[in-house]
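This is what each chain is made of:
There are 2 protein chains.
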Amino acid sequence: MSFSLSQLEHPIVLAPLGGGPSTAALAAAVSEAGGLGFLAAGYRSAEAVRAEIRELRQLTERPFGINLFAPGPALANSSALGGYASTLAGEAERYGVALGEPVHDDDRWDEKLALVADEGVPVVSMTFGCPSRSEVEALQAAGCAVWVTVTTAAEAVSAGEAGADALVVQGVEAGGHRGSFDERTPGDVGLLALLQLVRDVTELPLVATGGIATGRGVAAVLAAGATAAQLGTAFMLTPEAATSPAHREALRERGPTALTRAFTGRTARGIENRFMREHEADAPHGYPEVHHLTAPVRVAARERGDADGFHVWAGQAHPLAAELPAGELVRRLADEAREALDLARRALTHRAEGGREDA
Amino acid sequence: MSFSLSQLEHPIVLAPLGGGPSTAALAAAVSEAGGLGFLAAGYRSAEAVRAEIRELRQLTERPFGINLFAPGPALANSSALGGYASTLAGEAERYGVALGEPVHDDDRWDEKLALVADEGVPVVSMTFGCPSRSEVEALQAAGCAVWVTVTTAAEAVSAGEAGADALVVQGVEAGGHRGSFDERTPGDVGLLALLQLVRDVTELPLVATGGIATGRGVAAVLAAGATAAQLGTAFMLTPEAATSPAHREALRERGPTALTRAFTGRTARGIENRFMREHEADAPHGYPEVHHLTAPVRVAARERGDADGFHVWAGQAHPLAAELPAGELVRRLADEAREALDLARRALTHRAEGGREDA
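So the protein sequences, as listed, match chains A and B.
Here the first sequence stands for residues 1 to 359, where the numbers follow this note's numbering.
Here the second sequence stands for residues 1 to 359, where the numbers follow this note's numbering.
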């Protein structure tokens, strides 16, 4: 029988955290604590993904999910990419590397679909687009529940038509890439508004994500009709995460975030830094070409510990990220969510009974 | 004794809806239904504001609030304003009017502070800045509760230091003007993230606003720790609102919203239209100079029923605005909020008791 969200002891899902912080240990800790751990397949070879799935299964027998990047059309022409490469020459020099090759690819989509079906991964979530109905059905036949990330009500309708089992509803607060189907028109709706708008067009279970960092935040999305909350940045300071030292330091400094496509050619939210300020105006829509172009610079900056030179992904609530073991954080979030719902409900009852006379 | 939010039968506050939809009848209907009605003092003479307060008091004896625009520094020089005026020449011609005089003013701040104190208005909320401690204390001495609109955690700290009784926490989803203290750096945080960030720095009661259109939305902000929800766009299609016919029509068409300063020189959210698209790139930060400059064009476009030529303010959840009498809407929102909290709480209890065995 395939995975259902109601199986979870706690309505807490780990965000995939691709490109750095994701580890099997983090996913296992979240699943073992009664939430749902997640792995990230993006940017990696199918062999590496399979090895990580097996590593995770050594650590826990509980359900977990894996996130795939849905492939999209090539949006940038070679002149736009060449122009952007020219503006980045100083970055390559600064960090002593050559820029990468701005190639278009599909992140080995078919290979990874086959892999997750073969492994019977309990939950397969998709970002950057909607799989076809036949792709969804093939995964479901292999025992996978299919979740599709949406940033607008229109995307929610499409995902429902494709047969998704649940929707990951991503508010504009979220750290990392916007999951929009079309990068040229990324959904920019706040999570709470988006949950109401999506609930209006679908009965599918919703997993809310974007700017949730506390038990109150979890309680809020449950009250808004979500079945679970997905948190990413909130787990980035846990010891199980592979968040780089420079990234951890930037999170602790609590600076403001902004949306940018300077790093990857796809809109994403990170802590504002020099690279974003200097290159945002010139960056074309062109994912994953720009990702490949800037990758050597970003790897070098991260290794050097220079948080002004790479993508410091973070959601808008990142100043509330806790430095706790991941399992403890799951339990704390769930306890606080229960308490927050109780408090809110009691306050409403008190009003209904006594508010009027006091006025 | 001054007003306390716990007096309200329902935790529903009407947003001020300045510059059009606000009426005494709408405010009275919300207060009579057990919520808190609000009037808008911005853009109007003190005499007109006093007359409306008295009109409202004929309609209800219940508490209500009034919103004032806190004055700010002149940000635009005459060359920037002159340049913007040149780009608007075609608009003036199109609608057969002359552009207005781009003067700086303080919206009669001192006069209005004296007026609301003299009238003993139960709640006085401020937008666009933080009053001084002595201004806050003078209002409190006159029996007014003082609420300050904030869009960042730093603004919340300042408002607390000034002695505010409560904070209106405005998420980026909100329709109309951003309430930011400094227009050049408007807070862009989603409501749910902002509530968590603000709760982390203050114990003051919070009134959540921005993209709330359903009882689930109300329940969510209460769960996140707010004492009440403030809704604006959700009331714009009620019969008591003075929303113009063209504005109502645009709301019914459910188009996307965007942030713009093209109309007033201050960042605000409205339904995307031709005026925004054509002038956004040229508009300086310059409130209220740009407001005065474009006002004749906007009045003429609105009278002509041309929703492409004036500010069609709307929050991100505007497609969910209901066409219901305002009092009925207040009661429906409160009922649905109670139901949403009960559902969420029950789902959590069920997990804690049974989730683990099913897995």
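Hints in this document: simulated from the structure, not taken from any laboratory.
Some hints could be false.
Across the chosen pairs, the derived CB separations fall in these ranges [as the list claims (entries may be wrong)]:
#: 1; chain 1: B; residue 1: Ala258; chain 2: A; residue 2: Gly143; range: 19 to 25 Å
#: 2; chain 1: B; residue 1: Arg57; chain 2: A; residue 2: Leu259; range: 29 to 35 Å
#: 3; chain 1: A; residue 1: Thr87; chain 2: B; residue 2: Leu324; range: 50 to 56 Å
#: 4; chain 1: B; residue 1: Glu249; chain 2: A; residue 2: Ala98; range: 27 to 33 Å
#: 5; chain 1: B; residue 1: Gly305; chain 2: A; residue 2: Arg304; range: 41 to 47 Å
#: 6; chain 1: A; residue 1: Gly305; chain 2: B; residue 2: Ser45; range: 41 to 47 Å
#: 7; chain 1: A; residue 1: Glu203; chain 2: B; residue 2: Arg254; range: 42 to 48 Å
#: 8; chain 1: A; residue 1: Arg346; chain 2: B; residue 2: Asp106; range: 40 to 46 Å
Computed list of chain A residues with no C-beta within reach of chain B, every gap over 10 Å [unchecked claim]:
#: 9; residue: Ala89
#: 10; residue: Arg216
#: 11; residue: Glu249
#: 12; residue: Gly255
#: 13; residue: Arg277
#: 14; residue: Glu323
#: 15; residue: Arg345
C-beta: ideal position from N, C-alpha, C; glycine also.
Structure-based check of all given hints:
no. : hint                            : in the structure
1   : B:Ala258 - A:Gly143: 19 to 25 Å : violated (43 Å)
2   : B:Arg57 - A:Leu259: 29 to 35 Å  : violated (46 Å)
3   : A:Thr87 - B:Leu324: 50 to 56 Å  : holds (53 Å)
4   : B:Glu249 - A:Ala98: 27 to 33 Å  : violated (56 Å)
5   : B:Gly305 - A:Arg304: 41 to 47 Å : violated (60 Å)
6   : A:Gly305 - B:Ser45: 41 to 47 Å  : violated (59 Å)
7   : A:Glu203 - B:Arg254: 42 to 48 Å : violated (20 Å)
8   : A:Arg346 - B:Asp106: 40 to 46 Å : holds (43 Å)
9   : Ala89                           : holds (28 Å)
10  : Arg216                          : violated (5 Å)
11  : Glu249                          : holds (20 Å)
12  : Gly255                          : holds (12 Å)
13  : Arg277                          : holds (14 Å)
14  : Glu323                          : holds (15 Å)
15  : Arg345                          : violated (5 Å)
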